[in-house]
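*Asks:* Here are the chains, one letter per residue:
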Amino acid sequence: MKLKTYCKTIILCLLANVIYNCTEPFALVTESFEDVLVVEATITNELKNQEIKLSRTFKLEEGSVPVYETNANVSIITSVNETYTFSHIENGLYKSNQEFQAQEGVSYMLKIKDSKGDEYMSTDEFLPSSVAIEEINTKLINIEGELGVQVLVDSEDTSNDANYFRYEYEETYKIETELFYRYDIDLDNWKEQGTQPFCAGDPELIARPENQKTCYSTNYSNDIIVTSLNGLDESKVSEFPVRFIPVSSHVLRDRYSILVKQYIQSADANNFYKVLEELGGDKNLLTDNQPGFVKGNISLKDNDNKKVIGFFDVSSITTKRVFFDYSEFEIDKPEYIYNCDDLRTLNYAATDPNAENGRAYLFWLLSVKGYKYYGQDACDVFVVPPHCGDCSTFASNEKPIFWED
Amino acid sequence: MINIPLKKMAFFKAIKITLVFTLISLKSLGQSQEIKTLNLNNSTLYEAILKIEKATNYTFYFENDWVNNVSVNENFSNTTIKDVLESILAETPLNYFIIDSKVILTKNSVVRDYLPENYFKVEEAVAKAPNEEEVAVLQKQYTSTNLNSNKNKVFYIGKENKNSSKKYFELSGVITDVKTLKPIENLSVFISGTSINSTTNNNGFYKIKVPKGYSVLETSSLSYGKTKKQIVVYGNGVLNFKLIEDTNALDEVVINSSKNENVKSVEVGVTSIDVKGIKNIPLVLGERDVLKVATTMPGIKTAGEGALGYSVRGGKVDQNLMLFDGAAIYNPSHFFGVFSAVNPFATGSVDIYKGSIPAEYGGKLSSVINISTKEINKKEFSGEGNIGPVTGNLMLEVPVVKEKAALLVGVRATYSDWVLKAAKNKNLQNSTASFYDALIKYEHKIDDKNTIQATGYFSNDRFSITSDSVFDYGNKLGSLKWNHVFNDKNSASLQLATSEYKFNIIYEGNFNRNFDFGYKINETQVKLKARYLHNKKHKFTYGLSSKLYAINPGEIRPIGPESIITKETVSKEKGLESALFLSDIFKVNDALSLDFGIRLSTFTALGKSSQNIYAANVPKSEESVIEVKQYNNNEFIKTYGGPEVRLSARYFLSPTSSIKASFNNTIQYSHLLSTNTTASPIDSWKLSDLNIEPQRAQQVSLGIFKNSENDVYEVSLEGYYKKMKNLLDFKVGANLLLNKTIETELLQGDGKAYGLEFLLKKKEGRLNGWLAYSYSRTLVKLDSEFLTNRVNNGAYFAANQDRPHDVNLVSNYKLTKRFSFSMNFNYQSGRPITYPVGKYIHNNTEHVLYSDRNKFRVPDYYRLDLGVNIEGNHKNQKLAHSFWNISVYNVLGRNNPYSVFFVNEDGQIKGYKSSIFSVPVPTITYNFKF
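Note that the protein sequences, when read in sequence, are chains A and B.
Just so we're aligned: the first sequence equals residues 1 to 405 in the working numbering.
Just so we're aligned: the second sequence equals residues 1 to 930 in the working numbering.
Isolated chain A, as found in the complex (with noise of 0.2 Å):
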């Protein structure tokens, strides 16, 4: 039971916060650096090159980008005496050098060497039974005062020893050029002086290639969703809400698809995940939790002491994908992405090199700035800025395979 979690929703500054506001940001430095090695390895039953991520930890106030361990040796032995080698990629990631899937029955263990000759060992880890999941169903719901579409899963029915599930999701979504115009000024054809009466004819228009109108965009789920059967009435999970998203999300504007991913762990395993999620929470008066080391399943070789971050989890997995789209629901059309309330207007018929707003004016913001050309009425042409006019300037315009209109 989840217990904690809802308590933890609660924040608590409340009279304080009444009169005051009672809790500020700070800027994070390290008093004293501790270099670990943090270890991200989940096999699952998928067959393929299995991946297992290292890095190492970095000082708080440095950005986002960890140091990668690269030189490490990482094989996963198993209890049918299989041994996989993996090799590294790139930033940190290690791909074995052959398909594999785990299986059930087996015990598998991951060994690394890193790059400052420390060995570490897991403890044996077994594939749990596979749970497929039923459906993924939405819900239009009200959230704290906030309206939004609710992802919920729904698992199969599962044997006993299948308790504890971590979901991941990606979620793709179509994107609609909102000021997509057929045509654009065909720059090679470009002239600095003379125009037909009323501009009509000029500039010269070439038609738009299509793959500026529809566009497609993946996130990947960042925060750890974890639950387990403990303690309820069913043997499945059922409704277990995965992604929130809210009435005005741009997501929504056109077709949206998303993937979840189910897990399949071990007690342990779930339990690892469910600390560093409750550590990383919101945080208030009521649990002002102990914060602590978070030991997984990894040690160091003859030295228990040292510190190792990560758990290396043997998960089954299986994932289902849903599609919808605003128009499901009964809300309005979300905003696009951008504002694209900024048309801008220009005088074609103004040569001087030194007019404002005109034709040298136009010729720098299409070729420069990227614009896109909306029509004209007479000699004002129409612009827009490149993201109004072109989704491709900040999405993929390949379409996914998985993808159904």
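Just so you know, the hints here were simulated from the structure itself, not pulled from any lab data.
Keep in mind that this is a model prediction, so the values were computed, not measured.
It is possible that some hints are incorrect.
Claimed, not checked - As a list, the in silico DSS-like pairs of lysine-lysine whose alpha-carbon atoms are at most 30 Å apart: (1) Lys725(B) to Lys307(A); (2) Lys139(A) to Lys567(B); (3) Lys301(A) to Lys781(B); (4) Lys620(B) to Lys307(A); (5) Lys725(B) to Lys306(A); (6) Lys153(B) to Lys817(B); (7) Lys855(B) to Lys301(A); (8) Lys567(B) to Lys307(A); (9) Lys236(A) to Lys740(B); (10) Lys567(B) to Lys476(B); (11) Lys476(B) to Lys306(A); (12) Lys295(A) to Lys855(B); (13) Lys306(A) to Lys855(B); (14) Lys629(B) to Lys572(B); (15) Lys307(A) to Lys752(B); (16) Lys620(B) to Lys111(A); (17) Lys855(B) to Lys116(A); (18) Lys295(A) to Lys913(B); (19) Lys264(B) to Lys539(B); (20) Lys306(A) to Lys620(B); (21) Lys301(A) to Lys620(B); (22) Lys295(A) to Lys620(B).
Given the structure of chain A, go ahead and fit chain B onto it with the hints provided.
*Replies:* Just chain B now, kept in the frame of chain A:
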């Protein structure tokens, strides 16, 4: 009634003052005159005097009061007026003097016809009076001594006997309450500037040895404050008087009411809070808070503003036995600790035992905080109340049977909800926070030997900060006490007390996981305590107590048909804690007193229950359970116990200074489970069982106490060292609610605490107050052969409550009768925190790496509060006496960080510090009394 001519009275008064100067010239004028017969049967002294005046040509000069109630039953014949007067005045405190045909009666003093030898050194003689030779008592002696006391009345005790050379006389009397007329017991009575003291017995009777001549007799008690009476002692005598609870005047801030109690008492490490005095201390949000005042004394701390509980001498918040009229109160605070749940108007006294704990108390490791409600006014209807910005408070005293039985009702409630509703912040508008507490007390004096007292108390807090959950917590307690006096030497009391603490969480969110969670602890105690005053040297207290605990550790129920939460109940816990206690205050000699106490306590965890037995040599976990033992209802699961020694000694170094020492050991069988760095209202209690051993502590203290300038100044320095065993802590991220195998998350370790406490008090005068400083450390060690059960590699580290330096300055300046100013300054070392030593990325998200626990501290804490009290005028026609209090809390606007924490926001770690009152908080409160 007699009318002494005005002229005569004036004459008399003139004589009184000038008497001594005219005595010489009067010397030869006294002469005798024959009286033939005089029948004074069955007459009052007044009638007798009239008869003498008739029979002779003498004129008497006297005051009516002196002669009205004295009866005379004698006949005289052929005698002199001298003999008659000697005879009829023999049993009275009156003396006479004859000048010509005038008889002047004087009370107490002998009018002398000669000057005492050293008359002109009178000042010096006063100072040395008890040790000098006989000094004639003259009026001059007191008129020449300038007294601060506002009550200038002088009481004359006894009658002077010219032939007596005694230097000390016996003064006795009965002290009663002016309203209830009830004798005041345990009132200390003493002579200023000396170590002469006594206390009243159950009947309000006192007897005290007093030096001849002028003295100041003082009384002191918690409920009656202090009084002074000027006395001039001529001989043995009686002085009965009444005391009033004088709360209307601006009191001086007095913490230790008993004048020289700090030097005299045998106990070391005891703090008494003067409840009336706290109105002169600046308030936060208009609430007078008895317990907050306690934290300005050395050795008593909180984790910060808005933190629950008190840490006494390095103990944890669950290690204090907090008693409210004898019943334990589990969470005496509202609003997460911003307000205390103890009604200040109904509180009579607060005593905190942090060093020597009397043998009658036990079950908690660090201290006993004993809160008693006030004695109810049984004479007339009265009340007191206040209106502040957040709360309203009213207390009424209602006599039921006049002088015999009375009822006290106290209610306090908040109207903070509207404050929240008025807030601009949308989240706050959805919040609610309310609390109230109510108190009812009944006292009945059946006869001189039997009294009963019943107290009921209820408190509740309810708050909701997010729209989906509502939290509730509250105390409920009741006590019934019967006092019986067997005889002068033996008395006893029997008390039944019960207490309950519970909290509840209702979660109604958007999904199918709505639930209602409840926790409840209940305890019921029977205690029999008896006193036996064997003789002057030995005073015994003995008795037994037994307490039954019943805990419902948690029940969760689904709300609504959609909820998929399983109804689940963790089975009830039961335990019986019993003790036998005996203590003897042994007065070895005038200088040395010992208080020897022993408490034999035992605790038995009772079924029905199932207990896990874990494999040895591996960490406790659900996997290492090797056996589950089932116990039937009331079957003994495990018994713990042992002797608890409570020994203290006091030795007078001089009449105004003493040295004290004590040794104490304590055992605690019930524990607060908390994974928080500070306590929270939804922390639950757990009893010791097969897998959780009781906490144990031993403490030695040594203190030196000194009073000076007539007990106006009080200085003390105390040191202590405490060793603790089996302190409870938990693994990081432990889940304690509804956990059936809590022991797998538990870490039990050792602790040690030591410190020095200094206190300087000025108890009287326009400027008064105190300065307290303590240096204290608390260290904890969580070691184990298993890595998972080790914290900081098994070395000692600073406990959460460790705040080495603590300075408090509380002072009050009385400008006029109506205006007084108060000030409170506090400085404390910041509390320890666990601070990250780096960060890392895991699962696309930043996390921080925590290393050693409590290695860093939040910045030091300091705060200055100022207040002014403005008394209403004291016109009689006013319905109620009232005063205004204006306070500014945290005048310097110091942003004292309460905690520092790290939150994951969109994959990035952000550091935040929170504080409770980071800017000055002004408050105005209206107080009234009728």
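*Asks:* Now, for every hint given, state plainly whether the structure supports it.
*Replies:* Right, here's what the structure says about each hint:
1. In summary, the hint linking Lys725(B) to Lys307(A) is supported, as the alpha carbons are separated by about 28 Å, within the 30 Å threshold.
2. For the hint linking Lys139(A) to Lys567(B), the alpha-carbon distance of about 26 Å falls within 30 Å, and the restraint holds.
3. Restraint check: the Cα-Cα separation between Lys301(A) and Lys781(B) comes to about 26 Å, which is no more than 30 Å; the hinted pair holds.
4. A C-alpha spacing of about 22 Å is found between Lys620(B) and Lys307(A), which places the hinted pair at or below 30 Å, so the restraint holds.
5. A C-alpha spacing of about 28 Å is found between Lys725(B) and Lys306(A), which places the hinted pair at or below 30 Å, so the restraint holds.
6. For the proposed pair Lys153(B) and Lys817(B), the alpha carbon gap of about 21 Å is at most 30 Å, so the pair holds.
7. Annotation: proposed proximity of Lys855(B) to Lys301(A) holds, straight-line Cα distance about 27 Å (limit 30 Å).
8. With a CA separation close to 40 Å, the supplied pair Lys567(B) and Lys307(A) exceeds the 30 Å bound.
9. Taking the CA atoms of Lys236(A) and Lys740(B), the gap is about 23 Å. The hint holds against a cut of 30 Å.
10. Restraint check for Lys567(B) and Lys476(B): the C-alpha separation of about 26 Å stays at or below 30 Å, so the hint holds.
11. The straight-line distance between the Cα atoms of Lys476(B) and Lys306(A) is roughly 49 Å, outside the 30 Å bound, and the hint therefore fails.
12. With a C-alpha separation of about 19 Å, the suggested pairing of Lys295(A) with Lys855(B) holds against the 30 Å cut-off.
13. Between Lys306(A) and Lys855(B) the CA atoms are separated by roughly 18 Å; this keeps the pair inside 30 Å, and the hint holds.
14. A distance of roughly 16 Å separates the Cα atoms of Lys629(B) and Lys572(B); the hinted pair therefore holds under the 30 Å criterion.
15. With a C-alpha separation of about 28 Å, the suggested pair Lys307(A) and Lys752(B) falls inside the 30 Å cut-off, and the hint holds.
16. Our distance criterion of 30 Å between C-alpha atoms is met by Lys620(B) and Lys111(A), whose separation comes to about 27 Å.
17. Between Lys855(B) and Lys116(A) the CA atoms are separated by roughly 27 Å; this keeps the pair inside 30 Å, and the hint holds.
18. The straight-line distance between the Cα atoms of Lys295(A) and Lys913(B) is roughly 26 Å, inside the 30 Å bound, and the hint therefore holds.
19. Between Lys264(B) and Lys539(B) the alpha-carbon distance is near 16 Å, which keeps this suggested pair within the 30 Å criterion.
20. Between Lys306(A) and Lys620(B) the alpha-carbon distance is near 22 Å, which keeps this suggested pair within the 30 Å criterion.
21. Restraint check for Lys301(A) and Lys620(B): the C-alpha separation of about 23 Å stays at or below 30 Å, so the hint holds.
22. With a C-alpha separation of about 16 Å, the suggested pair Lys295(A) and Lys620(B) falls inside the 30 Å cut-off, and the hint holds.
The earlier numbered hints that this structure contradicts are 8 and 11.
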